[in-house]
Structures are given as structure tokens and as C-alpha cells.
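*Asks:* Given next are the chains, with one letter for each unit.
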Amino acid sequence: MTSALQEYFDATIANEQRIEPRDWVPDGYRKTMVRQIAQHAHSEIIGMQPEGNWITRAPSLRRKAILLAKVQDEAGHGLYLYAAAETLGADRTELTENLIAGRQKYSSIFNYPTLTYADVGVIGWLVDGAAICNQVPLCRSSYGPYARAMIRICKEESFHQRQGYELLMTMMRGTQAQRDMVQEATNRWWWPALMMFGPPDADSTNTAQSMAWKIKRHTNDELRQRFVDMSVPQARALGVSLPDPQLRWNPEREHHDFGDIDWVEFKRVVSGHGPCNAERVAIRKAAHEEGAWVREAASAYAEKHAREEVMT
Amino acid sequence: MTSALQEYFDATIANEQRIEPRDWVPDGYRKTMVRQIAQHAHSEIIGMQPEGNWITRAPSLRRKAILLAKVQDEAGHGLYLYAAAETLGADRTELTENLIAGRQKYSSIFNYPTLTYADVGVIGWLVDGAAICNQVPLCRSSYGPYARAMIRICKEESFHQRQGYELLMTMMRGTQAQRDMVQEATNRWWWPALMMFGPPDADSTNTAQSMAWKIKRHTNDELRQRFVDMSVPQARALGVSLPDPQLRWNPEREHHDFGDIDWVEFKRVVSGHGPCNAERVAIRKAAHEEGAWVREAASAYAEKHAREEVMT
Amino acid sequence: GGDLAAYCLMLGDDALIASHRLQEWCTHGPELEDEVALANIGLDLLGQARLLLTRAGKADGTDRDEDAFAYFRAEGGFRNTRLVEAPNGDFAFSMARLLVFSAHRLALLDRLTDSRDPVLAAVAAKGVKEVTYHRDYAAGWVVRLGDGTSLSHQRMQDGLAALWPLVDELFQPHPVEHRLACAGVGVDPSTLRAEFDAVLAQILDKATLNRPTVDPAQAGGRDGQHSEALGTLLTEMQSVARAHPEATW
Amino acid sequence: GGDLAAYCLMLGDDALIASHRLQEWCTHGPELEDEVALANIGLDLLGQARLLLTRAGKADGTDRDEDAFAYFRAEGGFRNTRLVEAPNGDFAFSMARLLVFSAHRLALLDRLTDSRDPVLAAVAAKGVKEVTYHRDYAAGWVVRLGDGTSLSHQRMQDGLAALWPLVDELFQPHPVEHRLACAGVGVDPSTLRAEFDAVLAQILDKATLNRPTVDPAQAGGRDGQHSEALGTLLTEMQSVARAHPEATW
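Chains A, B, C and D, in that order, are what the protein sequence lines are. So for the first sequence, my numbering puts the first residue at 1; every next one is plus one. So for the second sequence, my numbering puts the first residue at 1001; every next one is plus one. So for the third sequence, my numbering puts the first residue at 2001; every next one is plus one. So for the fourth sequence, my numbering puts the first residue at 3001; every next one is plus one.
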């Protein structure tokens, strides 16, 4: 029985067709997909914080509206993604509890602080830019609900990326203090953005199986290279330098060479000791715990009135 | 028996000697004194809030130090006064609970908001000024512990009053925006300061008994007149106008005449419906409730270690 | 011109400050669905504020833009009611406030669609749809919390009680409102009270909550007399813009 | 001159920001005695900050006064450690922080009384007495909360754990500290660690608390790299001064 199901699953993957919630999947595929989707959902939710930090202080009403809409989109992305994970049998409350207990991860990039309003722009440009590089191939993920969520998410993220870049362009045309802020924020975010693609291929453990299952389409290093090649001309157009003296065009490879990434820092942040890990999780935990009485009230109300409907 | 005690009490009062905690006092005297001292203590504690509101925002470090020291003094005054009330058998925790449950009052003046840094100066000048007019005679209160607390408090309050006035002088020599702030704060606080002396003598119910007991030495209207006469030249020296078109020197009375006080507003604020009554009490209540676990821990520790001492 | 500008500031500042308080909920909501909803409502109100502040700058002839009003006015220049500036409190207080504010504003915008000022009429027409959703969202929570657990019932009742002294100000006609109502441009808010009371009565009944009986607090927001909370809010809101007065964003 | 000025800012900013966090407790303390004590400690630290910032303005030759440093530097110009800028948390966290900060500072000021810079030596001599009281006050609460109720024990242990990643930064020598220590002007903070550890061990033992075993957080405060919390703090602290740059107070 299982072997017929396995064959059907393998054939679906091989034919580039999509796995749907009703389909049988191997345990490993289910676990890997749930982990991938949950981490992505958690990243959207935790990712609201570094930018959310600046909503009340946005320096113009137009920028405030853009930022508020963006952070709202991130909450929306979190919602789709948790829903996609639920199609694999995961439970949203449990996933949230995994997040706040530190049992599941989220993208390490959100453990860096946002120190000026330029960070809002740089997050749009570099962080959303890197996210898009990572995510565009996932629109062809073998798992249907995730692939469809990614299509919608990528569309919105590239909108956010353009808005971030436009903010930086405006700031670069402004005062010297604004230009300094942009440069300084670029310096702080560049290396963490490169780390978003994960460890080098040589050290990446899950890649082969994920590629076979078609839930990963390119290696970490391929995507990182694509991001660097994309960002260099953008930085030039903006008028900021990227903080890497070894960054230069290599005409033989037809790619940019770049310096070594500090993988010790990467591991420190991933393992929970980045600049803001504790605060980010604490805020999410506090919101979850302080909202408990509200959620309980909603359940009590729903139950009470469901009963009434039955009784009348 | 009681009549001998009553005679001794009456003689002590008549001879301008002080009643001390060991002395017998009539029930009415005890109740009135506890109420008077508790209201005064509560006023010191609630009075920390309108100024405390500006400590973190004080515009120079010198002003910050002055303000922080002043607010600390107010906490200290609250402490002496609660201690004085305890000599009459009152319990501090109970008094605090009376305050936060709205069963005991505090000076209505603290139910007005502090809207600019000039308010810090005007509170020093007018509110502390009015308080001193009220309190200097209380240094001769027939109840010893209260009289002694008042001596210390009045000394500190006149220091605060001078500091407030000095801040205003400095601001009046500053920018136009600063002068406007001072005038505007004076406009807001003048009438409430006049209300600090309580209802007009004709409507004041407790005055006669309190005067007989020598726990009140002058009528409300006498003290109010003294305050007005004192404040007019101070306002002139400062260069601000007082917001009362009827205010003028009356050479026959050798006092200033002044306009009618809005006793409807006074009653509204006293009865709990001033601009900040709810917030002031809510903040005190929150501090008390949020501190409960700390106080419980301190008691538990003290008890545990008292036991240990006995056992070893 | 002056009256119209003042009126636009009243309605615009109410929306701007109410939006700010909703922004403060961001990343602190009880559920993701509420994060989305509160941000949406905040965005709608921010949009209304931008149109109204822009209109104010045209009407008063100064040609100030929305940011000049939002970031470079002092506290005493803000014309919002005290209801919207009060700190958020807990979720119950915030939902009670949103219900009261939306019910009031919906009644107001509904009349304002007939304004002789075409900009006000257009803002109102768009706003009616938005605020209908805001009111329904808030009413949903007021009912669920009121008729939920005994804890949520108590918190909702406490939130209403804390809020209620601030309700009257919404319906006290300012001379500007009175004059513009006579001119067919604005709305006299006292004429909205019956509708508001009826809506609230229905929702509170469904929520098993009592309408509080408390005296109104001191008003004055429409004349720039605010509570201490507005100063703190503006310090935060205006901080970046004022740190860089020459900047463009 | 440059090194001495930078050093005065490090010690001055630590005191200034620590004082600000204590000021935030005002009217929120668990008992009146604590209101008095916390304000007193805040005042002592504010006094230290004023002397040190004034010294910095002399040492760097700019003749800037204490207020120029406090109110008109941007976030990146502040040289305090991240420990002091972290939000207050609950009373347990605040007392744990005050204990750690005071134990560190007492050890530091004690050595600094021998500084070749007479101003630093004088500030230190005065500060030693003050900070001894601060440390004893904080230790008293850490012990009572640690060995109080099971709730207070848990909160104290949690507060320590939340704080502990920020401890290491206090003892990491900055090049400026290193150079000034060699010159007999400053103190190399790494030389204070053993004394600090011994003091803490004794107090935590009495408090029945465990010393947390957590990795240190990212540092950088001495080079102007701060957490998000400092920006918010400065927005508030500097708001009035910056709204009136031409004013005298």
C-alpha cells in the first residue's frame, strides 16, 4: 500500500506536479515542509518588530502609511503561511508556542536592531531583496499550498523592496545627515543580509534531500551570488558603498567576488545570542500571554452561542 | 475618669501646649487629625505625579536634579506624615487603600495636568506658595507630631517655592516661546491655586471646631487673601499677568480685591471629576498593586529570618 | 476659510491621533487576525487624516501640507478630542474606545456626505464605508468580551467605565462646528447623540454590559486643551521629523 | 585629551542612562521607602554624570557643557554600556541590574580614587560612598526577593537570567580604557572581574539564587553601537531641550 503511495508521490514530484493536502506524503517530507513553512511564518511575524519599532515615529505621514501597510502585509503573510502549515496537520497555537519557547527558529536577520529610519529603507532594499531571491524559486515548490502562498507573498515583497529602495533614494537626495544614515545602515545590514542564504553549500546538510523533493530549487551559494550580483549596481545607483573591500567584478566567472562571511557571528545569532534575540521572542511571548484572556473570551462566547443555537 | 482626661486635654490646648501620642484625646479630635494628616500625606504622594511626569524630560541636567530632588522630598513628606498618622493609631496600608479606593481625598490641585515645563515652575511658585500659606500656621498645630513634621516640611517647601520661582525667572529671560509658556501655565494654575484654600468661610463646615482644637489657625478666606497679596508683586516682578481682570489693590482694605472663584468647578474636581482624578488614582493604585509581590516577599523574608534567629 | 480649516483639523486630528493609538498595538495584538485588522483601521484613519490636514492647509490659505500640521504643530495646536489621546489601556479599553469613536464618527461622516464642501463630502463618502467596518469590528469584540468569560466581562465593564467620562466631549458643539453646520458645510455633533446612544444601547445589551453612569470629564480638546498623554504621544510621533527639519523623506 | 574625554563620557553616560532608568521608577515603586531610595540613587548618579560630562568638555578642548553632551548628541555618540540602557522590566530585573551595575562601579571607582587625573580622583572619592549605598540597597532587595516567596524567587532568577548576557560588556576593556589604565589615569575593567564575581557570588548565595549560565550578548555600547532601547530613551530625554534649542533653563 505505502509503496504504491510512495510511487505516486515520487511520480508527482518527478513530473513537476504539485502535492496537495489530500495527497499521501512521506513522513520526512511532511516534517521538513512543516518546519520550512513554520520558520517562514515565524519570520514574517518576528519580522514585524524591527520595522514596527518605527511606525509611530515615521517622519512623514506618507512614510507612516507605507510602513504600516507593509507591517500589516507581514502579519497577513504569517496568516497564509500558518494556514499552509495547517494543511499538513500542524496546529497554529502549537507553532506559536514552539516559537516563543525557542523550539522553532525564524530568520536570524530579525535579531539585528533598527537604529534609524534609514534601517526601514535598507530592510526593504537588502532584507526583502534577499528574501525575494530566496523565495522566487519557492513559488515552484512541490507543495501546492506553500507554492501558492509564495506567489502572493513574492508579489507583495517586491513591492516592499521597491518602496524601501525609493525611501533610500529620497534620503540620498536629502541632507548630509540623511545620507550618512543610509550609508551607516547599509554597513550594518549588508553582511547579515548575505547570511540570510544560510551556511555555505559545503556545510549545508538538508540541501540534497530538499532539492530532490523540489522544495528547494537552488543552493545557498547560488542564491547568495545572485543577490550580490543584483545588489552591486543598485548600491552604485543609490550612491552608497558596500562594506566589503574584496567586492569586485570577476570577468571570468561573470560574477562578483566577495569577502568571507563571518560564520562565527552567524552561528552565534542563529543559536540565540544575536543582539535582539531575547527581546524579539520576549515581545512575541508577552503579546501571546497578554492576549490569552481575550482569546479565551472569544472561545467562551463562541461555545456559549453555538450551544444556544443548538438549544433553540 | 474621662472627664479628668478631657479637662487635661482642654487645658493642654488652652495653654498652647502640644498633645503627644501618649495623651488621651477625644474621639472627634483623633478622627479629625487622622483625616487631616492622611489627606495631607496623600496629597504629597499624589503630588509627585504631575511633576514626576517631567523628570525624564527635564531640559537641563541641573533642572533634572532639582526636580528629582523635589519629588523625592515629597515622597519623604508622605513618609513623615503617614508616620504622624500612625501615632494616632492609623495604619499606613489602610490609609493607602483608602486613597486608592477613593475613600479619602487629597488636594484637588493635583488633578490638573502639567502640560509644559513651565508648569514645573508654576507649581513651585503658586502651588507650593499656597501650600506654605496653608501650612505655616500648622507648625503650631496642637498635635505635636504633626506640628513637628510641618516645621520640616515647610522649610523644604519654601526651598521648592524659591526654586520654582527661579526657574520661571530664568524662562522669562529666555525665548519668547518660553515666556509664552510661563504666561500660559500661570493662566492655567492661578484659579486652581486659589481654590487650594478650600470653600469660602461662609460654607466651611469644620472650621469652628478645628480652630477651637487649634489644629486650624486661620480661616480659608484669610489665608487666601494672604496668598493673593503675596502673589501679586511676585507676578509683577516676574513679568506675567494674573488671569483676573478684577484683581486690584483696595487701599481701604489694604488688600487686593479679586474676582469670583468658580466654585462649581471646585466641587466638580473635589468630587472626582477633574481633568486628571482618574489617572492620578489609577497610577497610585497600579503602583500599589504591582508592588504587592515585592512587599509580600519582604514580609516572607523577614518572617523566615526572624524564625531562624529564634531557632538558632 | 478659517472655520473650514479649523474644522478639518478637528476631524483630521481625531483620525490622526486615533490612528497613532492603533499603531501602538502593532506586534502586541491578541491574535494575528487582530494585528491585521488594527493595522487596517489605523491605515484608514491615517488616510482620512492626510486628506483632512491637506484640506486645512488649502482652506486657511497657508498652503501648509499634511506633514507641516502633523509634525510641526505644538500640543496646543491640536484640535482632537481627549477620547482619542487617552493611553491604550488593555484590549478591552481599546475596543471600547474604538467602538465609541467609530460609532460617533460613522454618524458624523454619514451626515457629512451632504456637505457643501466637495472635499469634505468626498472624504466622508469614502470614510463611511471604512468606519462601518471599524465599528463592526469593535462591536464584535465588545460583545465577545462582554459576554465571554467573567474576567473579560469585568475588564470590558471597567474599560467602558474608564472611557465613559470622555464620551460627552464628542457631542459638545464647538462654535466652529455650530457655524459650519448652519452653513451646510459641517455637522453639529449634538444632533448625533440620539443615534449614537441607540447604537451603543443595542451593542451593550448584546454584550450584557451596563452603560456606565459617570459624570463627564473636563473637555477642551477642540480648543487645544489636552491631557498629559498627548504631549508624550507627540514627543514620540514628531521626534524623527523634528530631529531633521531640513530633510525630505 | 581625547582619550580622557572619551573615558569621561563612558563613565558619565553609564551614570546618566542608569539614572534615567531609575527616574522612570518614580511614582511606580513598591513602597514609599523605595521611592525615596531610588530617587536618591538616581540623583547620586546624575550628579556623577554631570561632573564627568563637564570634565569631558574640558578634556576635549571643545568646552562643551554637560547639557551639550546630554541633550545634543545623537545615539551613536553615547558611550554607555548596553546594561544600563535596557528597559526596566519588573522590580526584580531593575534590582538585579542595579546590583550588577553598582558592584561593577564600586570596584571601578575604588581604583579610580588613585587616578592621576585629579578630577576623576575626586569624582571617584565622592562616588565610592554613594555607590556603596546603592550596592547595599540593591543587594538587600536581591536577597529578600531571592529568599522571599516562591514567586519572588522565580522573578528574581528570571531577572538575573535576562540581565546576565549584558554583564560581560562591563568588563571588556576598550582601547581607551586600556591606554588610560597604562597611563595611571583610568582603570582596565577586566581587572575588576574577580572582585565583582566574588561579591556577586556571596550575595547570590545568600539570596538562594543561581548564577545564570548564558552566553554574553553582543557588546558595542562603548563604541556607540546601542540597542533599540537607547533611541527611545533619548527621544524622551532630549525632547524638551531640542524643541527649544535657543532657550536657557
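Just to be clear, a hint being listed does not mean it is correct.
Said to hold, decoys possible - Here are the simulated DSS-like pairs of lysine-lysine, each with C-alpha atoms no more than 30 Å apart in a straight line:
| no. | chain 1 | residue 1 | chain 2 | residue 2 |
| --- | --- | --- | --- | --- |
| 1 | C | Lys-2206 | A | Lys-304 |
| 2 | A | Lys-155 | C | Lys-2206 |
| 3 | B | Lys-1285 | A | Lys-285 |
| 4 | C | Lys-2129 | C | Lys-2206 |
| 5 | D | Lys-3206 | B | Lys-1155 |
| 6 | D | Lys-3206 | B | Lys-1304 |
To be verified - Label-pair distances were calculated between CB atoms; the ranges are:
| no. | chain 1 | residue 1 | chain 2 | residue 2 | range |
| --- | --- | --- | --- | --- | --- |
| 7 | D | Thr-3113 | B | Ala-1286 | 53 to 61 Å |
| 8 | A | Pro-26 | D | Asp-3168 | 54 to 62 Å |
| 9 | A | Gln-17 | C | Pro-2087 | 53 to 61 Å |
| 10 | B | Pro-1243 | C | Gly-2184 | 58 to 66 Å |
| 11 | D | His-3178 | B | Arg-1152 | 44 to 52 Å |
| 12 | C | Pro-2087 | B | Arg-1148 | 38 to 46 Å |
Hints in this document: simulated from the structure, not taken from any laboratory. Backbone N, C-alpha and C fix where the C-beta goes; we use that ideal spot for every residue, glycine too.
*Asks:* Looking back at the hints listed earlier, which ones does the structure fail to meet?
*Replies:* 2, 5, 7, 8 and 10
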